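Dock chain P against the given chain W, drawing on the hints supplied.
If you're matching them up, the sequences are chains W and P in order. Counted from 1, the first sequence has number 24 at position 40 by my numbering; the numbering is strictly sequential. The number in my numbering is simply the position in the second sequence, starting from 1, with 798 added.
Don't take each hint at face value.
Once the Cα atoms are required to be at most 35 Å apart in a straight line, the calculated DSBU-like pairs of lysine-lysine come out as [what the hints assert, rightly or not]:
no., chain 1, residue 1, chain 2, residue 2
1, P, 813, W, -14
2, W, 40, W, -14
3, W, 40, W, 90
4, P, 809, P, 855
5, P, 855, W, -14
6, P, 855, W, 51
7, P, 813, W, 26
8, W, 54, W, 26
9, W, -14, W, 26
10, P, 855, W, 26
11, P, 813, P, 855
12, P, 809, W, 94
13, W, -14, W, 54
14, W, 94, W, 54
15, P, 815, W, 90
16, W, 90, W, 26
17, P, 809, W, -14
18, P, 815, W, 26
19, P, 813, W, 90
20, W, 54, P, 855
21, W, 40, W, 26
22, P, 815, W, -14
23, P, 809, W, 26
24, W, 51, W, 26
25, W, 90, P, 809
26, W, 90, P, 855
27, W, 51, W, 94
In case anyone wonders, no lab produced these hints; they're calculated from the structure. Predicted, not measured: the structure shown is a model, and the values here were computed from it.
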Amino acid sequence: QKEVEQDPGPLSVPEGAIVSLNCTYSNSAFQYFMWYRQYSRKGPELLMYTYSSGNKEDGRFTAQVDKSSKYISLFIRDSQPSDSATYLCAMSEGSNYQLIWGAGTKLIIKP
Amino acid sequence: GAGVSQSPSNKVTEKGKDVELRCDPISGHTALYWYRQSLGQGLEFLIYFQGNSAPDKSGLPSDRFSAERTGGSVSTLTIQRTQQEDSAVYLCASSLLREGADTQYFGPGTRLTVL
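Looking at chain W on its own, in the form it has when it is part of the complex (with noise of 0.2 Å):
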């Protein structure tokens, strides 16, 4: 089993639904919690980043973290076309310990 599992999709939603993409983890240690964009044939580019339990918003995009349940979600409101791309979530137990990644998810956003 997998440190992180995140389902890769792809998911296909129609313009301005509600996106909730999702990432399970095993280990309890892990506290910092980030959110990886990356469009096609780029890198990847930071979009959320969240300490420990709880909600970030930051425009359109929310982050949750549920550390009962080992379970991040981040929700995107009003979906664009533009926000088609692959997630990738990333956990890590602190500065001194390597980021753990997803496979990611790969979403479409239907015009």
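Chain P alone, transformed into the frame defined by chain W:
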């Protein structure tokens, strides 16, 4: 400022040849990572450099793979005697490695095709 740059952007080589991939990290970033990403897959960690410390080579898949980082800046990933299964996108990332988790900034990658 300038981001992470990688060269070449694409490389096509024949099986058995050696290849060198280059990464220029963001100026001042002390940590540098190499990853491999196969089609439709997540990131596979290869090697990590941090300042003057010995690199973490635990992700290198075989002794055909090696990397160096000169002067704490530019890094080169070398693959000797390439095999078809080496075909992938090779991504480089750099970070400041501040307190907390490691926010990594990625280059655009080098797409390697081994014929």
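Consistency of the hints with the structure:
1. Note on residue 813/P and residue -14/W: the hinted pairing holds, with a Cα-Cα distance of about 31 Å set against a maximum of 35 Å.
2. A hinted pair counts as satisfied when its Cα atoms are at most 35 Å apart, and residue 40/W with residue -14/W qualifies at roughly 26 Å.
3. With a C-alpha separation of about 22 Å, the suggested pair residue 40/W and residue 90/W falls inside the 35 Å cut-off, and the hint holds.
4. Between residue 809/P and residue 855/P, the direct Cα distance comes to roughly 23 Å. Compliance with the 35 Å bound is thereby established for this hinted pair.
5. At most 35 Å may separate the alpha-carbon atoms for a hinted pair to count; residue 855/P and residue -14/W meet this at roughly 20 Å.
6. This hinted pair checks out: residue 855/P and residue 51/W have alpha carbons roughly 31 Å apart, not beyond 35 Å.
7. Between residue 813/P and residue 26/W the CA atoms are separated by roughly 26 Å; this keeps the pair inside 35 Å, and the hint holds.
8. Between residue 54/W and residue 26/W, the direct Cα distance comes to roughly 29 Å. Compliance with the 35 Å bound is thereby established for this hinted pair.
9. Between residue -14/W and residue 26/W the CA atoms are separated by roughly 25 Å; this keeps the pair inside 35 Å, and the hint holds.
10. For a cut-off of 35 Å, the pair hint linking residue 855/P to residue 26/W stands: about 25 Å separates their Cα positions.
11. At roughly 24 Å between alpha-carbon atoms, residue 813/P and residue 855/P fall within 35 Å of each other, so this suggested pair holds.
12. With a CA separation close to 33 Å, the supplied pair residue 809/P and residue 94/W stays within the 35 Å bound.
13. Only pairs whose Cα atoms come within 35 Å are accepted, and residue -14/W paired with residue 54/W is accepted, the gap being roughly 13 Å.
14. With a C-alpha separation of about 31 Å, the suggested pair residue 94/W and residue 54/W falls inside the 35 Å cut-off, and the hint holds.
15. For the given pair, residue 815/P sits about 33 Å from residue 90/W by alpha-carbon distance, which is consistent with the 35 Å threshold.
16. Annotation: proposed proximity of residue 90/W to residue 26/W holds, straight-line Cα distance about 14 Å (limit 35 Å).
17. A threshold of 35 Å between alpha carbons decides the hint, and for residue 809/P with residue -14/W the separation of about 31 Å falls inside it, so the pair holds.
18. With a C-alpha separation of about 26 Å, the suggested pairing of residue 815/P with residue 26/W holds against the 35 Å cut-off.
19. Distance check on the hinted pair: residue 813/P and residue 90/W sit about 31 Å apart at the alpha-carbon level, within 35 Å; holds.
20. Straight-line distance between C-alpha atoms of residue 54/W and residue 855/P comes to about 29 Å, which keeps the hinted pair within the 35 Å bound.
21. Distance restraint check for residue 40/W and residue 26/W: the Cα-Cα separation of roughly 26 Å lies within the 35 Å cut-off, and the hinted pair is therefore satisfied.
22. With a C-alpha separation of about 33 Å, the suggested pair residue 815/P and residue -14/W falls inside the 35 Å cut-off, and the hint holds.
23. Between residue 809/P and residue 26/W the alpha-carbon distance is near 16 Å, which keeps this suggested pair within the 35 Å criterion.
24. Among the hinted pairs, residue 51/W with residue 26/W is consistent with the structure: their alpha-carbon atoms are about 31 Å apart, no more than 35 Å.
25. Straight-line distance between C-alpha atoms of residue 90/W and residue 809/P comes to about 25 Å, which keeps the hinted pair within the 35 Å bound.
26. A threshold of 35 Å between alpha carbons decides the hint, and for residue 90/W with residue 855/P the separation of about 29 Å falls inside it, so the pair holds.
27. Restraint check: the Cα-Cα separation between residue 51/W and residue 94/W comes to about 33 Å, which is no more than 35 Å; the hinted pair holds.
The earlier numbered hints are all upheld by this structure, with none contradicted.
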